[in-house]
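Make one complex out of these two single chains by using the hints.
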Amino acid sequence: MAAYLVIFVAGFAGSFHCIGMCGGFACALGRDPQGRGATALRHLLYNTGRLTTYCFLGGLAGALGQVICTRQGTTVPLLHGPLDSGQRILAILAGLLMIAMALQFFGLLPRLHRVTAGSGGSKLAASLRSMLTAPGHAAPLAFGVFNGFLPCPLVYAFAAQAASTAGALHGFLTMAAFGLGTFPALLLMGGVGRALAPAWRQRGVWLAGSCILLLGLVTVGRGILPFAAHFAHGHPA
Amino acid sequence: MRRTVNGEACAFCCYGCCIAYQVKNGKNEEWEAAWLLIRLGVGGFLSMNIMLFSLLLYTDAFSGADAEMLPWIHLLLWLFATPAVIILGGPFLREAWLNGKEGRLTSSALIVLGVGAAYLYSAFAVIDRAPNVYFDTASMVLMLFTVGYYLDAVARARAARDLQPLLAAESEWATVVDGNGQYRRPVREVGAGTLVRVRPGERIPVDGVVKEGESHTDEAVVTGESRQITKEVGSHVIAGSLNLDGPLLIQSSGAANATRWAQICRSVRDALICRSPSQRFADSIVGVFVPIILMLGVGSSVYWAQHLPFDRAFLIGLAVLVVACPCAVGLAAPMATSLGIGRLARHGCLVRDPAALEALARTRLIAFDKTGTLTSGQACVAAIDSDGIGADVVLAHAAGLERHSEHSLARAVGAAASARGLEPISIRGVRVVPGRGIRGSWDGQTVAAGSAVLMRELGWSLASNLAERGRLHEATGHSVIYVGWGEQVHAVLSLDDTPLPEAHATVEALREGGVCVALLTGDLPAAAQRIAAAVGIESDDIEAGLLPEAKRAMLERRRSNHGTVAMVGDGLNDAPVLAGADVGIAVGSATDLAREAAAVVLPPGGVWTLPWVIDVARAVRTTILTNLTWAFGYNLIAVGLATVGLLRPVLAAAVMAGSSIVVVLNSLRLERLPEPVPSAAAESAPAPRSTTVPVNSEALQAG
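Protein chains in written order, with this note's numbering: chain W, 1 to 237; chain R, 1 to 703.
Treat the hints with caution; some may be incorrect.
Unchecked claim - Rough simulated footprint, nothing fancy, chain R against chain W, three-plus residues with beta-carbon under 8 Å:
1) 43-57
2) 136-142
3) 162-174
What the hints contain is simulated information worked out from the structure, not anything from laboratory work. Virtual Cβ for every residue (Gly too), placed ideally from N, Cα, C.
Just chain R, same shape as in the assembly (with noise of 0.2 Å):
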C-alpha cells in the first residue's frame, strides 16, 4: 500500500508497517509528554486490571457460591492498586511536599490528600474484611489527573513545536562544505568563511552569500514579512529564513552564533521560562483557595456522616476535594503566552518577558521617536554649506567622526562621502554627547559634529551667514549637522529625512485600535512637524527638542493621563527614555543598549508590524482572562454540586479533567491569529530634494 508519511511517498507491505514507520520515523514529542504517556500506560496496565475486577465485583459476579472468594478478590486489588497509586501518584506527591516545604498548599496537596484518604481507608477495610473498597476510585482518580497533566504537556509540547526552530537555533546542525566533503556539524561551530550547504525546506543556519544554486526564501523571522524573495550567486541570505525550493550553498559572513536569530532563540527561551504577572495573581489566589477548599473537604464529610453511613460521607468529602482542584488555573496563562511569545518571534518580533506582553495589551498610547522610527533613518545629506573649506575635506572630517556613531544620521553622512569615494579622516578619542552630536580628536585638534548647542558648548565661532544658512534649513524641517575643527565651525550639513511609507498606515491602523500617538523628538520643532503631518499625528501630540531626561519626563506626564504608556524608539539617545515607560520598543538595528532596555523589539525596519503585535497581546490577555474565569466559574459550581453529594469522586475527576481540556483547547486557539499583513500603502519615498547654495557651498544630488 502507498501512504505519503511526512510528505514523503512510501509504499509498505501492510498497515502495520506503515504505522510502525510512522511511528519510528516522526520527529519526537518532548521528552515530558513521553514520560507521562509512558506512566500512563503502566498505570494504565495496573488500573485496567483494578477496574476490570472491580467491575466483576460491582455486576455481583463472585456472589453465591464463590462469596468467600471476595477478600481475596480485595486483596487482589490491593496487590494492584499499591504499584498503582506509587507510579501515578509519585509526582504528585513530590509536587506537594515541595511546595509544602516551601509553605504552599496547592492542587497537588487536594490530590495527595484525597487518594491517600481512599488508598488507606480501603486497605484498612481489606484487613477489617469489609465489604466496601475503593482502590478503584483512586485509580481512576489518579490516571484522570495524569491523562489531564499528559494532554497539557503535549499542548505544550505543540506550541514549543512552533517553536522548535527558534529554541534550536544553536543546537542545531549545519552541512559543512569543505575540502574533504561534507558533514554535519552543530551551528554553533560555524564560523566566518564556511561553506554552508542548505537543502530546500531547511532553515538558513547563518548569514552569508549564496555561492551557488538559486532559490526562495522565506524571511519572516528576521522581516517579519512573509515573502517569496529570490535569492540566486551573490545575493544576501539572512540566517534563520528558511529556504524554500532549491538547494544552496551559502558562504558564511561571521559566526553564526553571532546572528540576529541566534538572539532571537536565545530571548525566546529566556522569556518563556518568565512567570507572567496574571500567573503570579493566579497563583496567590491559588494559594488562598486550596486550604479553603481542604477545609470544605473535610467539612462536608464531618456533616453527611451523620446522615449516611461513613463510606459515602468520606466519597462525598473526597469528591469535594478532587473536583475543585485548581490545576485549571495553572494551565490558564503559561500556554497561551507561550503561543503569543512563540507566533510573534516566528516574524521577528522579539518579546522578552511574559508582562511586556500583558502591558502593551493594556497601553493606551504609544510615543514614537522620530528619527530612524518613523522616518526612514535613511537621511541624506542635501546640501553642505561651508565657509569657504571644500566640502570633500568637511565629508571627510565628518564621516571621520560619525563612523563612529550608529545613529542614523551619522551613516547618512557616512554614505555621502563613501559615494564620493572619500577616506574618513582617523580620529581617535571618540566620545559621543548624548542629545548633542559627537566629538574626538585629530592631528592635535578637537574635531566635532553636532547640534548648534554642541558648538556652543564647545565654545567655537559660528560665522554668521554660516548660522542663517542653519536656520533656513532646519526651518524648512531638515535636520542640521554643524562641523567643525580647530575651534572654529566649518560647515553645515543638512539632512533630508523622510518618512517611512507605512508610517502613515501604521499610525491610522494603532488609532482604529483605540490607542493615542504622539511623537518625542530630540530633534527641532519645525523637522518634527514636518514629519508628523506627513504620518498623521496631531500637533499637539508633538513635543520637540527633547533631551533624552525630558522625553522622560514627558512619557511621565502622558502615562498620568492615558494609564500604560509605549515607548517605540532607536538609537543611543533612547535607551533611558524605553526603559522609563511601561513598555519599551525598539526597531530593528538598534544599538545594543537599546535593545537592552527595549522589553519588546521588532525586525529592521518593522514599525509596520507594530498594530499586528499589540493585536496578538491583546488576543493573549483576553485568552488568559476567559481561560481564568472558567477555570474559577466552573470551580465555584462543581465544589456546589459536590458538597452537596451529587458527584461520586471518579466523575468529578472526569470534570476536572475536562475542565482543563478546555482551557488548553481555548489556549491553542491562538494557533489561529493573523499573520501581520504589510499595509497597502507602501508609496515610493518622494525622492530627496537637493537644494542649491550660493554661498561657497556644494550641493549633494541625493541618493
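In isolation and in its complexed conformation, chain W is listed as follows (with noise of 0.2 Å):
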C-alpha cells in the first residue's frame, strides 16, 4: 500500500514537469464558450482519456512482465515478496530505465532526452489537429485516450516499474495511481499551472526525479539483493 503512496506522490510531483510536456495540450484544449462548469467538464474527460490508457498500459504492462516471468498464479505485490530469476531480471531492468528517466530529469543524460521525446510524437500529433476543434464531448475524451499514448518519460519509466510487478492486476495499480497523481496538476492547468513560475516547475521536477530515483533503486534492489525473499509476508511461494 506505500508503494503505491509513493507512487502517487510521484505522478503528484511529475506532473509539474508533465505541465512542461503535455501543459501545451491542456492551454489548447482551452476554454468551453458555455462557461466554467463546460471547460471543467472538458479537462475532466480529457483526464479521464488519459487515466484509463495509463490504466490500460499498466495491465498490459503487468500482464507481459507476467508471462515473462511468473509460473502460473503466483503474482508479485510490490516491494515484498518471493521472486524467481525472471522476475529479478525484469526488476534490474525496469529499474535502470527508470534511473535513467529520473537522471534525465536532473538534466543529466540529454540525449536520452531528444529520443524519448522526439520520435512519433509529431506524427500522432498531426492526427491529433482535428480533434481540438471539434465541439462535443467526444473529442476532449478522445484526446485525451490518444494524449496518453505520447511519448513520455514518465509514463515509460511507470510502465516499466509496472512490468516488473509481473501482474496485470498490479501492473494496473501502479499506472493507476501514477494517473491519478497526475491529475491535480493538470486539472487545474488553465489556473493554477499558468500561475506557477518556472522556478516552481523545476522544484516539482526535482521532486519527482527524487521519487523516481528511489523506487528505481528499490526496484533493482529488489531484483540483485538475494535476501530479497526475507521481505516475504506469508505469501505462497
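Set out below in C-alpha cells:
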C-alpha cells in the first residue's frame, strides 16, 4: 500500500514536469464557450481518457511481465514477496530504466531526452489536430486517450515499474496511482498551472526525479539482493 | 527551444507547446478522417477498459477469494461493451442496412453479423452466469475494423491533399486590392480588371497581367512542364500557376471561374466521384462472395460444434466471418485511380473519368489528327495567288470569315491580316461547313473560304491558272484555302504548317511503349505525307482526305485490328471522331465541342505529355490489378486457415486490417511516379518558306 502512495506522490510531483510537456495541450484544449462548468467537464474528460490509457498500458505491461516471468498463479506484490530469476531480471531492467529517466529529469542525460521526446510525437500530433477544434464531449475524451500514448519519460518509467510487478492487476494499480497523481496539476492547468512560476516547475521536476530515482533503486535492489525473499509476508511460494 | 514548423522558424518554451502549436496550426485533415479518429478515441476508451478487465480476468486476478466478483466483473464488461458496440458498430450497421435495402450483401453485413452474434452470446452468458464472455473479442474486432477504415480515410485525405489546390480552386480566397485597401475575397467573386495580390508560395487565382513585382512561376498545372518562368511587370500569368519567390500584384483579365484551371478543377472533382470499371467488377464479385462466406461461417460453426464445446465452435465461425471481410477489395481501385488522376491533373492533363484511364492503359493504337495536333497549328500564310484582286482585299475578306472559326488555319489567316494592319470586313450569317470551309454573307453577296470541294458545291467558277497554282501548292504539301465572293473564286491562299518539334520524339516514345501510331486527317495526301515523314509515321498508317464520318469509320476498322484505339485531335472537325474512339484525347485549346467529347484533355501544346500519360495510366492499372489479386488471394488463404480453426477472431481482425494497410501502401506508391520530361529533341521549327509567284500574286514573308 505504501508503495502505491509513493507512486501517487511521484505522479503528483512529476505532473509539474507534465505541465511543461503536456500542459501545452491542456492550454490548447482551452476554454469552452459555454462557461466554467463546461470547461471543467472538458478537462475532466480529457484526463479520464488519459487515465484510461495509462491503466490499460499498466495492465498490459503487468501481464507482459507476468507472461515473461511467473509460473501460473503467483503475482508479485510491490516491494515484497518471493522472486524467481525471471522476475529479478525484469526488476533490474525496469529499475535501470527508471534511474535513467530520473537522471534525465536532473538534466544529466540530454541525448536520451531527444530520443524519447522526439520520435513519433509529431506524427501523432498531426492526427490530433482536428480533435482540438471539434465540438461536443467525445472529442476531449478521444484526445485524452490518444494523448496517453504520447512518448513521455514519466509514463515509460512507470510502465516499466508496472511490468516489473509481473501481474496485470498490480500493473494496472501502479499506473492508476501514477495517473491519479497527475490529475490535480493537469486539471488545474487553466488556473494554477500557468500562475506557477518556472522555478516551482523545476522544483517539481526535481521532486519527481527523486521519487523515480528512489523507486528505481528499490526496484533494482529487489532484483539484485539475495535476501529479498526475507521480506515475504506469508505469500505462497 | 527552436523548431521549424511548416517552414517557419518558431521558438517554444517547452516541447508540449511545440506540439500544441503544430496541432493547432497545421492544415486540417479531411473531416471524415477526423471524425473517425474521434470515434476511435472514444471506442478506444471503452475498449481499453474492456480489455483491461478481460486481461485481469484472464490472468486470474479475481480467482480464489474474489471469485464471487466474477459475475459483477462480467456485468461491468457488459456495461462498457454496449456503448462500444453502439458507437463503433453504428456506422457498419448503417452501411449494412442501406446496402441490404438495395438487396446487396457487403462486408459490413459480415461484421455486423459476427460482432452482433458475439455480443448477444456474451450478453446471454452474463444473464446465465456462464463462465466465458467475449465482449473483448467483439470490441477489439470493431476497433480493428475502424482502425482500418481510419487508415483508408487518412490515405484518401493524403491523396486529396495532393489534389487540394485543384479541388479548391473556386472556394479559395484571393487577396483583392482596391482603393480602400486589401481584403480577402472568394475567388469566384473576382472579375475582370480586379487587382489581386499573390504572395510567394500561393497559387495565382486568375489569368492576368503583372502590374507590380517580379517573381518566378511554375506553370505545370496548365502546360505540363515544371519550369521556372520569369515574370515581371507586363508579363502574362495563368491561373493555377504557382508563384514561387516574389510577391506579385496582378490585374485579372477575366472572371476567375472561367479560367482553364477552374475548369480542370471542376472536371477532376467530377471524375473522382465516378467508379471505374475495375471497381464495379470487384463490387459484383464481392456481391457473390459475401453470401458464400456467410454460409461458410455458419457451416464451420455447426461442424465444429460437434467436436468442440459450443464456445470454441462459435469463435471459429466468428473468425471465418471476420477474416473473410472483403474490405481490401473495396480499397483496391479508388485510391489508385484518384492518385493517378490527381497526378495527371497537376500537370494540366485532365482525365474526366476513371474508365478513360483504364482504357488508356489498354490502348494499342493511337490515331492522330494532323493540323494543330502533330503540327504547330500555327500555320502561316505563305503565298496568296489571286486573279487580279489585291492581296489586301483578299485577306480582308478571308479574315472576316475566318475570325469566326477556331481552326488553326483560320488563325493563320487572321494573323496575316493583322500583320498587315488590315481590318477584317464584318460578315454576317457565318456558318461553318464541316470538312469544307466557312461561308457567310456580306454586302448582299455570299463570301466563302475553304476547299475546292466547297467552291464546287457553291457552283463558283475557278480560273484555271488559279486552280493550277492551287494544285501546285498542294503537291508540295501545303494547305490551301480558296477564297471567293460574288459567285467567283478570287484567290487561293497557301498555308504552311510545320510539325511540332517534339512530335517526332513523342511518336518514337509511343512506339517504344508498344503503341501503334496512325495519322488520320482531312487534309490532302501530299500534306499528310510530308508531316508523317517528318514525324515518323509509316506511310501505310496514313489516311488522308477524310471527312469526319470517314475518319470515324476508319477508326472502327482499326479497332478490329488493334483492340482499344485512342484518337488525338483538336478542332471542330474531330468532335464526332473523338466521341467514337475508345478514348478521345483533345489537345489544349480545343473548341468546346471537342472538349466535351474528349475523355482526356492535354494542356495546350502538350502532345509531348502523351507518353507520360499512358505510363501513368498503365501504372494505375497495374496497381489496381495487384491490389485486387492480393485482396482476393489473401482472403482465400485466410479463410482456409480460419475454417480449420487456426485463427482466433481478434487475430483474424488484425490480419484483415493488415491486408487493408498493404493495399493502401501499395496504392500510395503511385505518389512516386516520375514527372513528365519534355523530350530533348526540341529543335527550333524550320523557318517557313515563302515563294514568289509571277501571276498577279503576292508573296508574304512568313512570321
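Whether chain R covers the segment 136-142 of chain W (at least 3 residues having a Cβ closer than 8 Å to its Cβ atoms): With 4 residues closer than 8 Å to chain R, the segment 136-142 of chain W meets the three-residue bar; holds.
Claimed coverage, the segment 162-174 of chain W by chain R - three or more beta carbons nearer than 8 Å: Per the Cβ count (4), the hint holds.
Coverage of the segment 43-57 of chain W by chain R, judged on three or more residues with CB within 8 Å: With 6 residues close enough to chain R, the hint holds.
In summary, this structure violates none of the numbered hints.
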